[in-house]
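Line order of the protein sequences matches chains A and B.
End of the first sequence = 370 in this note's numbering, gap-free, step of one.
End of the second sequence = 392 in this note's numbering, gap-free, step of one.
Keep in mind that the hints were calculated from the coordinates and are not lab data.
Virtual Cβ for every residue (Gly too), placed ideally from N, Cα, C.
Don't take every hint at face value.
Have a look at the derived ranges for each label pair, beta carbon to beta carbon [as the list claims (entries may be wrong)]:
# : chain 1 : residue 1 : chain 2 : residue 2 : range
1 : B       : ASP140    : A       : LYS365    : 43 to 53 Å
2 : A       : SER194    : B       : GLU267    : 51 to 61 Å
3 : A       : GLY330    : B       : ASP140    : 55 to 65 Å
4 : A       : GLU49     : B       : PRO64     : 50 to 60 Å
5 : B       : GLU377    : A       : GLY330    : 27 to 37 Å
Some chain A residues flagged as far from chain B (calculated, every beta-carbon gap over 10 Å) [stated by the list, open to error]:
#  : residue
6  : VAL15
7  : ALA128
8  : GLY163
9  : GLU193
10 : ASN255
11 : CYS274
12 : ASP276
13 : GLU282
14 : SER283
15 : ILE331
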Amino acid sequence: MALITTDEQEALRDVMRGFLRKYSKESDVRTVMDGGSGYDAEAWRTAAEQIGVQGLAIPEEMGGGGYGFDELAIVMEEAGRTLYPAPLLSTAVLATSTLLAVGGPHAADLLARIAAGELIATLAVAEAKLHWDPDDITTAAEKSDGWAVSGTKPYVLDGAQAGVILVAARTAAGVSLFAVESHADGLTIKSLESMDRTRCMAAVSFDGTPAVLLGDDGSGWQTLREVYDRALVALACEQAGGAQAVLEMTVEYLNVRQQFGRPIGSFQAIKHRCADLLVEVESARSAAAYASTAVAAGSDDASVAASIAKVYCSQAFYHVAAESIQMHGGIGFTWEHPAHLYFKRAKSSEALFGWPAEHRDRIAKLIGLV
Amino acid sequence: MDPIVGDEYSAFREEVRTWLAEHLVGEFYDHRGVGSPTDDTAWDMRLAWERELSEGNWLGLTWPVEYGGRGAGLAEEIVFEYEYARAAAPARVNTQALELLGPTLLAHGSEEQKRRFLPRILAVEQMWGQGFSEPGAGSDLAAVRTRAVLGDGEWHIDGQKVWTTFGDRADWLYVLCRTDADASLRHRGLTLLLVPVDQPGVEIRPIENIARSAEFSECFFNDARTTEDMVVGGVGNGWMVVMSTLSRERGSALMPMQLSVEREVAELVGVARDSGALGDRRMRQRLVDALIGVHIMRATNLRVVSDLLDARSSGGATTAAATVSKLSASTHHQRLGELAVEILGAEAIFGSDDRAENARKLFLLSRAETIYGGTSEIQRNIIAERVLGLPR
Numbered sequence: 001m002a003l004i005t006t007d008e009q010e011a012l013r014d015v016m017r018g019f020l021r022k023y024s025k026e027s028d029v030r031t032v033m034d035g036g037s038g039y040d041a042e043a044w045r046t047a048a049e050q051i052g053v054q055g056l057a058i059p060e061e062m063g064g065g066g067y068g069f070d071e072l073a074i075v076m077e078e079a080g081r082t083l084y085p086a087p088l089l090s091t092a093v094l095a096t097s098t099l100l101a102v103g104g105p106h107a108a109d110l111l112a113r114i115a116a117g118e119l120i121a122t123l124a125v126a127e128a129k130l131h132w133d134p135d136d137i138t139t140a141a142e143k144s145d146g147w148a149v150s151g152t153k154p155y156v157l158d159g160a161q162a163g164v165i166l167v168a169a170r171t172a173a174g175v176s177l178f179a180v181e182s183h184a185d186g187l188t189i190k191s192l193e194s195m196d197r198t199r200c201m202a203a204v205s206f207d208g209t210p211a212v213l214l215g216d217d218g219s220g221w222q223t224l225r226e227v228y229d230r231a232l233v234a235l236a237c238e239q240a241g242g243a244q245a246v247l248e249m250t251v252e253y254l255n256v257r258q259q260f261g262r263p264i265g266s267f268q269a270i271k272h273r274c275a276d277l278l279v280e281v282e283s284a285r286s287a288a289a290y291a292s293t294a295v296a297a298g299s300d301d302a303s304v305a306a307s308i309a310k311v312y313c314s315q316a317f318y319h320v321a322a323e324s325i326q327m328h329g330g331i332g333f334t335w336e337h338p339a340h341l342y343f344k345r346a347k348s349s350e351a352l353f354g355w356p357a358e359h360r361d362r363i364a365k366l367i368g369l370v
Numbered sequence: 001m002d003p004i005v006g007d008e009y010s011a012f013r014e015e016v017r018t019w020l021a022e023h024l025v026g027e028f029y030d031h032r033g034v035g036s037p038t039d040d041t042a043w044d045m046r047l048a049w050e051r052e053l054s055e056g057n058w059l060g061l062t063w064p065v066e067y068g069g070r071g072a073g074l075a076e077e078i079v080f081e082y083e084y085a086r087a088a089a090p091a092r093v094n095t096q097a098l099e100l101l102g103p104t105l106l107a108h109g110s111e112e113q114k115r116r117f118l119p120r121i122l123a124v125e126q127m128w129g130q131g132f133s134e135p136g137a138g139s140d141l142a143a144v145r146t147r148a149v150l151g152d153g154e155w156h157i158d159g160q161k162v163w164t165t166f167g168d169r170a171d172w173l174y175v176l177c178r179t180d181a182d183a184s185l186r187h188r189g190l191t192l193l194l195v196p197v198d199q200p201g202v203e204i205r206p207i208e209n210i211a212r213s214a215e216f217s218e219c220f221f222n223d224a225r226t227t228e229d230m231v232v233g234g235v236g237n238g239w240m241v242v243m244s245t246l247s248r249e250r251g252s253a254l255m256p257m258q259l260s261v262e263r264e265v266a267e268l269v270g271v272a273r274d275s276g277a278l279g280d281r282r283m284r285q286r287l288v289d290a291l292i293g294v295h296i297m298r299a300t301n302l303r304v305v306s307d308l309l310d311a312r313s314s315g316g317a318t319t320a321a322a323t324v325s326k327l328s329a330s331t332h333h334q335r336l337g338e339l340a341v342e343i344l345g346a347e348a349i350f351g352s353d354d355r356a357e358n359a360r361k362l363f364l365l366s367r368a369e370t371i372y373g374g375t376s377e378i379q380r381n382i383i384a385e386r387v388l389g390l391p392r
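For reference, chain A alone in the conformation it holds in the complex:
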């Protein structure tokens, strides 16, 4: 999702929308929620083979699509609309961005496996806080024969689904990045029973776990700063898509639900709230589109734009989802209605990668208010 999209990008949107219509219907989302695996493996393979979703931003020589961030942003927006329950944000954004940034043969090998749809991968950074902060990293890595990582990452996106977990850990040289195989010794992965069952979260503990250093020792945070912006914007696009979809669903209901002999959408008390929600949805789309363009172009204001998108899209999505339950009335409070799926996704997205208040602090710092 960029400020200006090309015809080719719009075609990608149509393809992605078609795929999701087939594999990410509400019933599909619920099947994944109720199952144990966290995603539909067949749909995941299809996404790789037919669209190349996982490898969109991976260079062609590694088997990817060779596209840029703008295309990834479109896919995330569409995925967000249907709450697509799959390890897309972790694999195609977090892990892929990190591996592309660090380079080297090991990263290239992992990227080729991601592009082929064979490897789910994630990135574990945050510890005590959800916001990424180098001072927050206490997980440590030491070198004897090879590198070994020890510590705990309490909230790792798709940690139980990943075949490879990329880890931010502290060495004598500073924060560094490592790759850990999911079957490695000394690795404990515990799936979390989160409120939002459309997204998988795990607690991951490392105890002398063998790991491969990615990039230069001590240069991890430099990489993560860039990865962070991409993660924030991808999430913001997902949120903008979710906000738009939930508003559409609500408006549709307001047109058909009759009370007092008329559609409840004809009452001004409802109309004006919907108008305000549309302002928020459109503003969220603007913030996400601007940030996508800024990140794709590597603009100076990319980090500020990314945090702004995170703040605004978090608030907008949550507000629209909360209002959706209210405007649906009793039915919106039931398990069988999808309103709560969006509501929970909105709240979990607000927390993921740092709360809005933490990003306001980041913005204040970035623009020199403190």
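Please arrange chain B on chain A, whose structure you already have, making use of the hints.
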């Protein structure tokens, strides 16, 4: 990031920049950022500046050459307005004619009307005021009661208009009148008439606003006259004429407003720095929200403008983003005014120095923005019914 229009306009952009650098000097330079379409501060200086613009042929950029315009396209207009606002050139005074009446005449006026009025507007020889609202017709504009009756080749006008911006400066008014006596016809019985001010039947009285300035007026018509040929777009077509051109989103006004709000936010950050308010995390977070608000205005404007300039889209005049921008910008601007007063604290409320005056002006004048040009409530109705498709 500044991706407004393509490289093919960079020569034009350079021309605008050069002209502004050479002419926005001296007294004009000292009045950067002064005034607005609803603020008459430094009127005479701004009038002189508008004549300077006229001599440079920068007024009516998109108007045809035969009427004194440049015959340029929307992209040039957007580039010009953006550079104009970036240079903080003083706000133009005859906005009513340049932005509203001019385009209306171009679309619906007779050839004679165009030849008579457009060159004079571009030469800054004729000020215009709008006669739409009435005491009984605000949000419900179709309830207009001002009557116009044809007799002896002249329209005879009786009634009252209100909220005429810069009405006491106007030489002519464009007036929405009821020409069919049957009030039940509502919007179908209306006609747009052009009426000269300098006659016994027209009386204009300024109204003081809550900031004690007099930007708007009420106009009384007591058998006021205008010639039969002063109808725009045909008798009975007033509503269509007014709605088709006045509600059209051109994109060129969006960027200047955003840039002026950006300037206000930057000034506010400076005030907060001086006063120590930046040391307070809660204040800092609210300032960041103000910055986020203006950033989103900017991002939405870029979307709207990109869409307007995109040959593939339908012109985008009714895109959702454009429709919500008035509602969202006016609300945001009010919040900014409230924050400005809070950051300056007691000084803003009890003091009288320049900083206090500026904060108070923003605080007070922004209250009008959710009322004029269609109240926020009317905007919400329009968004809900026309964009979201909720039932009437």
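inquiry  = Please list, smallest to largest, the hint numbers that this structure does not respect.
reply    = Of the numbered hints given earlier, those the structure breaks are 2, 3, 10, 11, 12, 13, 14, listed in rising order.
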